[in-house]
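Asks: Given the structure of chain A, go ahead and fit chain B onto it with the hints provided.
One-letter residues, chain by chain:
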Amino acid sequence: MIWMTRTLIALACALVMPFSASAAEILCASTTSTENSGLFGSILPIFEKKTGIKVKVVARGTGAAIENGKRGDADVVFVHAREQELDAVKAGYFVNRHDVMYNDFVIIGPKNDPAKIKGARSAAEAMKKISASGLSFVSRGDKSGTHTKELELWKKIFVDPKGQKWYLEVGQGMEKTQRIAHEKQAYTLTDRGTWLATKDKDKLDMGIVFEGDPLLFNQYGIMAVNPEKHKHVKYAEAMQFVNWLVSKEGQQAIASFQDKNGNALFIANAKK
Amino acid sequence: MEYIYEAFAKALQLITALDNELLAIVLLSLEVSLGALCIASLAAIPLGVAIGLRSFPLRGLVLSIVNTCVGLPPVVVGLFVFLFLSRSGPLGGLGLLYTPTAMVVAQIILAFPIIVSLVQSAVSGVDPMVRLTALTLGATPQQADRVVVREAGTGIIAALVAGYGRLAAEVGAILIVGGNIAGATRVMTTTIAMEADKGNFELALALGIILLSISLMINAVLSAMQQRGMRRNL
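Residue numbers (this note's numbering), protein chains in the order written: chain A, 1 to 272; chain B, 1001 to 1234.
These aren't lab readings, by the way, just hints derived from the structure by calculation. Keep in mind that the hints are not guaranteed to be accurate.
Straight-line distance between alpha carbons at most 27 Å, and here's what the computed DSSO-like set of lysine-lysine pairs gives [to be verified]:
id, chain 1, residue 1, chain 2, residue 2
1, B, 1198, A, 260
2, A, 184, A, 199
3, A, 184, B, 1198
Short derived list, chain B residues pointing at chain A, Cβ under 7 Å [said to hold, decoys possible]:
id, residue
4, 1038
5, 1083
6, 1086
7, 1181
8, 1184
Quick caveat, the model's predicted, so the values are computed rather than measured. Don't be surprised by glycine CBs; every beta carbon is placed ideally from N, CA and C.
Pulled out of the complex, with its shape left as it was, chain A reads as follows (with noise of 0.2 Å):
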C-alpha cells in the first residue's frame, strides 16, 4: 500500500501546485448574449492589447450577474436590465454606470404565425393576442434582462400568466429558449442579437413576427462593484475597462463587431 500512497501524494501536490492567478485581471460578470454572440471574443483581446490586462468573463443572466457583483464575486458587471442595475447603484452596490450600447428585443413565433401577431401596432398589442390566442409562450424565467423585460410587457397588459397552461417558464439561456420555442412552435421574446446569429445554426423555423416598438430597446450598461463594499476588488483595474469600452476606440469595436454573417449586432450609444 505505500507505493500507491506515494504515488497518490506526488499526484495530488503535481496537479494542484500549478494553480496561480496573474495580478492583472478583471472578473466581469456579463451575460449570456453578450458571450455566446461572440462579441467579448472580438473586442476583449484589443483591450488586454492595449493595457495588459486580461479580462474573465463569468456569463450568466443578468440577475444572476447583477448578484455576483453585489456579493463580490465579480470586479465589473456588464448586463442590460437599466432598471435593476440602476437600482442596484442607489443601494450602494455599483459605481459609475454607464450606458454602452443597445440592441433591441424582437417578439419571434413560428412562421406561419397562427396568432396574427404581425401586424399589431404595438409590443403591447402583440403580447395581448399571444395571451388571447391559447398558443404557447415560451419565457426565459430565469430574471434575466430578457425575462425583465418580458415580464414588464405582460405587467403593462394587465396579464399575469404565471402558472397559466400556455405559458411555459424554462430558466435557460436565450438561445435554449429559442430552440425550446422551435420544437415547441411557440412564441417568444428574444433579443436581435441572439436571433440574428443563431437562426440559420439552430435550423429554427420560426421568424419575426413583430419588431420596432420603443418599447423593446434593449440597453446595455457597465458598472463598477463599489470599492467601499468589497475593499478586495481590483477597481483602478475594472475603471479601466469600464472607461475603454466608452472610449472612442471601445465603442469603435463594439460598432465594428459582426457576427458571421455581416450583421451587425450592437449599436454602440455611449454618452460623452
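Replies: Okay, now just chain B, sitting in the frame of chain A:
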C-alpha cells in the same frame, strides 16, 4: 444519425489539429479531476480502511451517513461550496471562487464519500479466515490488519476507478464554482454543456468523444495498477 457521424469526424479533426485552446481545456479537466481524486483518497482510503477493519459504537450510523453522501447531487455541493467561497461567505477572504482550486474543493467533497464507502466494503468483505490465519501464523494485530488491507487491494483500486468516473463526468458543481471562464476554469464537461446550449451539437458530441477516450486511457492505467496489486498478493 448524421450528427453522430459528423461528431466523430469533428472529434478526429480536433484531435489531429491539437488546438492549443482545446489542449488547455483537456489538461485542466485532468488536473482538476485527478487532483481532487488524489487528495480525496489520501483521507478517504485510511478512513474507509478504519471503518472496514474495526467495529465501534454507531458504526452503522456512520456508514449510513457516508452512503447517503455517495448520492450527493453535484449542484447542491456546488452551491454549498459557492456560498462558502463567495466574497460574502465565510471563506471569501481567500479569493478562491471561480478558480480551479474551488473546482478541486467541490470535487473532493463529491469523491470522498464514494471512496470511503467502497474501500470500507472492500476491506470488510475480506474473508475473516485471512485475518485468523495471519494471527495463528504469529502476526501481530497490526500485521494482520495489513494483510487484510492488502487482500482488499483490488477493491480499493475499484473505489478509485468509481471516484474518478464520478469526477470526470461531473458538470453541475464545477460550473457553479468555476464559472466556465474561457482560458481559466473551462473544462471538458462545462464546454460540452455550453456548446450544447449554443446549438453546436457536433462540437459538443466531439468533445464528449474525446473525454471518453481520455477516461478510457486513465482506466487502463488504473486497471494496470490493479493487475500489479494482484500479482503482489500472489
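Asks: Once the shortest beta carbon distance from residue 1086(B) to chain A is found, is it less than 7 Å?
Replies: Since the shortest Cβ distance to chain A is 5 Å, the answer is holds.
Asks: Next item in the hint list is residue 1083(B). Is there a CB on chain A closer than 7 Å to its CB?
Replies: Since the shortest Cβ distance to chain A is 9 Å, the answer is violated.
Asks: Do the numbers back the hint for residue 1184(B), that is, is its least Cβ distance to chain A under 7 Å?
Replies: Cβ of residue 1184(B) sits 5 Å from chain A, so the hint holds.
Asks: Can the restraint linking residue 184(A) and residue 199(A) be considered satisfied, given a maximum Cα separation of 27 Å?
Replies: Given that 27 Å is the threshold and the Cα spacing comes to 16 Å, the pair holds.
Asks: Can we keep the residue 1181(B) interface hint, with Cβ of chain A closer than 7 Å?
Replies: holds, 5 Å
Asks: Is the straight-line distance between the alpha-carbon of residue 1198(B) and that of residue 260(A) 27 Å or less?
Replies: holds, 15 Å
Asks: Answer holds if the nearest beta-carbon of chain A is closer than 7 Å to that of residue 1038(B); otherwise answer violated.
Replies: holds, 4 Å
Asks: Starting from residue 184(A), check that the Cα of residue 1198(B) is at most 27 Å away, please.
Replies: holds, 18 Å
Of the numbered hints stated above, the single one contradicted by the structure is hint 5.
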